[in-house]
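Sequences listed follow chains A and B, in order. Residues 1 to 275 in full-length UniProt numbering are what the first sequence spells out, letter by letter. Residues 1 to 220 in full-length UniProt numbering are what the second sequence spells out, letter by letter.
Derived from the structure by calculation, the hints contain no laboratory data. Take every hint as true, because none was put in to throw you off.
Over 12 Å on every C-beta distance to chain B, these chain A residues come out as not near it, computed from the model:
hint: 1; residue: E40
hint: 2; residue: S71
hint: 3; residue: P81
hint: 4; residue: P88
hint: 5; residue: P131
hint: 6; residue: E192
hint: 7; residue: V194
hint: 8; residue: G195
Computed footprint of chain B on chain A; a stretch qualifies when at least three of its residues, placed anywhere within it, have a C-beta under 8 Å from a C-beta of chain B:
hint: 9; segment: 103-114
hint: 10; segment: 118-129
Selected chain A positions facing chain B (in silico; Cβ < 7 Å):
hint: 11; residue: N65
hint: 12; residue: L67
hint: 13; residue: R98
hint: 14; residue: D99
hint: 15; residue: Y155
hint: 16; residue: F157
All of these numbers come straight from a predicted model, not from anything done at the bench. Cβ atoms here follow ideal geometry from the backbone N, Cα and C, with glycine treated the same way.
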Amino acid sequence: MSPTDPLAPAATPDDSVLLSARGIRKSFGDNEVLRSIDLEVRRGEVVVLIGPSGSGKTTVLRSLNGLETPSAGTIDFAGGPVIDFAAPVPKAQRYALRDRSAMVFQQHNLFPHMTVIENVIEGPVRVQKVPKKQAVAEASALLDRVGLAEKRDAYPFELSGGQQQRVGIVRALALKPQLLLFDEPTSALDPELVGEVLQVIKELADEGWTMVVVTHELSFARQAADEVLFMDGGVVVERGAPGAIFTNPTHERTRRFLDRILRPLEDGGADDVSP
Amino acid sequence: MTDWQLALDSFWPLLWGGITGTIPLAVASFALGLVLALGVALMRISRNRVLSGIARFYISVIRGTPLLVQLFVIFYGMPSIGITIDPWPSAIIAFSLNVGGYAAEVIRAAILSVPKGQWEAGYTIGMSPGTTLTRLILPQAARVSVPPLSNTFISLVKDTSLASLILVTEMFRVAQEIAAFSREFLLIYIEAALIYWLFCLVLSSGQNLLEKRLDRYVAH
Ligand SMILES: Nc1ncnc2c1ncn2[C@@H]1O[C@H](COP(=O)(O)OP(=O)(O)O)[C@@H](O)[C@H]1O
Ligand SMILES: [Mg+2]
Numbered sequence: 001m002s003p004t005d006p007l008a009p010a011a012t013p014d015d016s017v018l019l020s021a022r023g024i025r026k027s028f029g030d031n032e033v034l035r036s037i038d039l040e041v042r043r044g045e046v047v048v049l050i051g052p053s054g055s056g057k058t059t060v061l062r063s064l065n066g067l068e069t070p071s072a073g074t075i076d077f078a079g080g081p082v083i084d085f086a087a088p089v090p091k092a093q094r095y096a097l098r099d100r101s102a103m104v105f106q107q108h109n110l111f112p113h114m115t116v117i118e119n120v121i122e123g124p125v126r127v128q129k130v131p132k133k134q135a136v137a138e139a140s141a142l143l144d145r146v147g148l149a150e151k152r153d154a155y156p157f158e159l160s161g162g163q164q165q166r167v168g169i170v171r172a173l174a175l176k177p178q179l180l181l182f183d184e185p186t187s188a189l190d191p192e193l194v195g196e197v198l199q200v201i202k203e204l205a206d207e208g209w210t211m212v213v214v215t216h217e218l219s220f221a222r223q224a225a226d227e228v229l230f231m232d233g234g235v236v237v238e239r240g241a242p243g244a245i246f247t248n249p250t251h252e253r254t255r256r257f258l259d260r261i262l263r264p265l266e267d268g269g270a271d272d273v274s275p
Numbered sequence: 001m002t003d004w005q006l007a008l009d010s011f012w013p014l015l016w017g018g019i020t021g022t023i024p025l026a027v028a029s030f031a032l033g034l035v036l037a038l039g040v041a042l043m044r045i046s047r048n049r050v051l052s053g054i055a056r057f058y059i060s061v062i063r064g065t066p067l068l069v070q071l072f073v074i075f076y077g078m079p080s081i082g083i084t085i086d087p088w089p090s091a092i093i094a095f096s097l098n099v100g101g102y103a104a105e106v107i108r109a110a111i112l113s114v115p116k117g118q119w120e121a122g123y124t125i126g127m128s129p130g131t132t133l134t135r136l137i138l139p140q141a142a143r144v145s146v147p148p149l150s151n152t153f154i155s156l157v158k159d160t161s162l163a164s165l166i167l168v169t170e171m172f173r174v175a176q177e178i179a180a181f182s183r184e185f186l187l188i189y190i191e192a193a194l195i196y197w198l199f200c201l202v203l204s205s206g207q208n209l210l211e212k213r214l215d216r217y218v219a220h
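Required output: the full structure, derived from the provided sequences and hints.
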């Protein structure tokens with residue numbers, strides 16, 4: 001793929017470290033939500049965050065994207081300065097984080113007053129100053145790629161949830177970020193629409209995009225993840241290859257969480273009554 | 001006994017008073033007032049306590065005092081401290097300040113009605129808060145604020161009649177002059193009322209068109 005190919009990952013998947021976050025802490029008032037999170041993402045790698053609701057997964061992603069300012073810790077994003085949150089962080093550094101990564105939200109957060117193509121070119125044209133013609137051409141290629149070419153002039157409300165989320169992914173891709181952040185991209189979808197969105201994410205992973213994905217879709221994690229982090233109570237309880245974590249978790253908390261997801265009807269404490 | 005000839009003869013002067021007085025006064029004051037209101041709304045939302053305090057105070061004063069008193073303070077009151085302002089500028093200042101106070105609350109509510117996720121989506125594609133506001137938030141806020149702002153504008157068109165009391169030649173002042181001269185008070189004032197009503201009907205249909213246009217991106 002040529003370097004100008006809009007479909008090509010912006011970061012070459014050469015396995016070097018793209019992002020390294022150390023000792024990330026975040027408090028909201030008295031509530032310490034992240035208690036020293038370490039996270040390393042290599043180029044081309046897919047890191048999946050799992051964990052119960054409220055464990056701090058979204059806050060981790062938002063910190064990596066500069067939407068949230070951690071109370072302590074450092075983020076070293078390749079090509080930029082090491083940001084140390086112990087001191088007040090200059091605005092320019094937070095913007096630099098946003099420029100390098102792009103977020104796909106649980107509630108797609110598409111711009112309702114803009115058509116699909118307008119949603120996608122807004123960042124490239126307004127922020128990155130890409131010529132409009134070029135931005136439209138690249139956006140069209142990306143939309144075509146996720147099977148939404150004929151929806152380019154539709155408004156978001158005219159799309160299904162799965163289509164909306166695919167546009168959300170394209171909007172992120174159009175910025176050519178080095179890192180894609182997905183926050184439960186399929187949690188708000190009807191079950192029959194989950195597959196089409198996961199499929200797109202899986203293909204991007206296979207093409208070498210670097211991503212951090214928060215999801216409860218364990219089959220996706222099993223297939224796509226290079227590393228799985230299990231978070232609970234603001235700490236990473238366990239991390240490792242998906243095979244190891246899912247089949248042989250070392251921590252009780254991980255095991256209970258996986259049990260609850262895989263067998264939601266059973267009470268964790270009760271004897272196993274299934275055949 | 002109704003003098004139909006007088007009704008016909010006075011129609012054009014009244015309408016002309018509306019076209020050259022009422023409408024420009026309302027349009028200019030509304031435009032200035034909206035700009036002011038946007039600034040005040042942003043101050044009010046701001047986390048800076050001084051700014052939001054000033055905005056709150058301003059809104060409270062405007063909404064808590066009669067428009068006629070505001071007009072009189074500016075036109076008849078200011079000369080006492082050496083500031084003399086002509087009738088037209090006085091009226092525009094008073095009406096703009098008034099619209100600024102009322103519309104600020106409408107715009108503030110409209111901005112706050114846009115989901116927080118829209119700000120975040122703007123930030124994540126690299127936009128500054130200012131660009132996010134103008135490109136993403138205000139266009140969406142516009143849709144919700146058109147109905148209440150239209151009401152503000154329609155009220156303003158009617159309220160411009162108060163400017164007759166500070167010697168501005170708008171439609172109602174023309175009506176008063178014709179009525180005093182002809183002694184046909186009922187006829188002339190009803191005629192003026194009908195023309196105000198006509199203006200407001202036109203505005204209401206304009207409002208409907210605008211609402212339809214802004215509604216094109218929401219599910220029905
Ligand atoms: N803006 C905020 N203000 C206060 N508390 C917050 C805020 N955002 C998140 N939290 C709290 O932080 C904790 C972790 O939230 P979150 O990162 O969203 O967890 P998860 O994504 O794993 O469900 C929760 O207890 C949540 O209530
Ligand atoms: Mg979350």
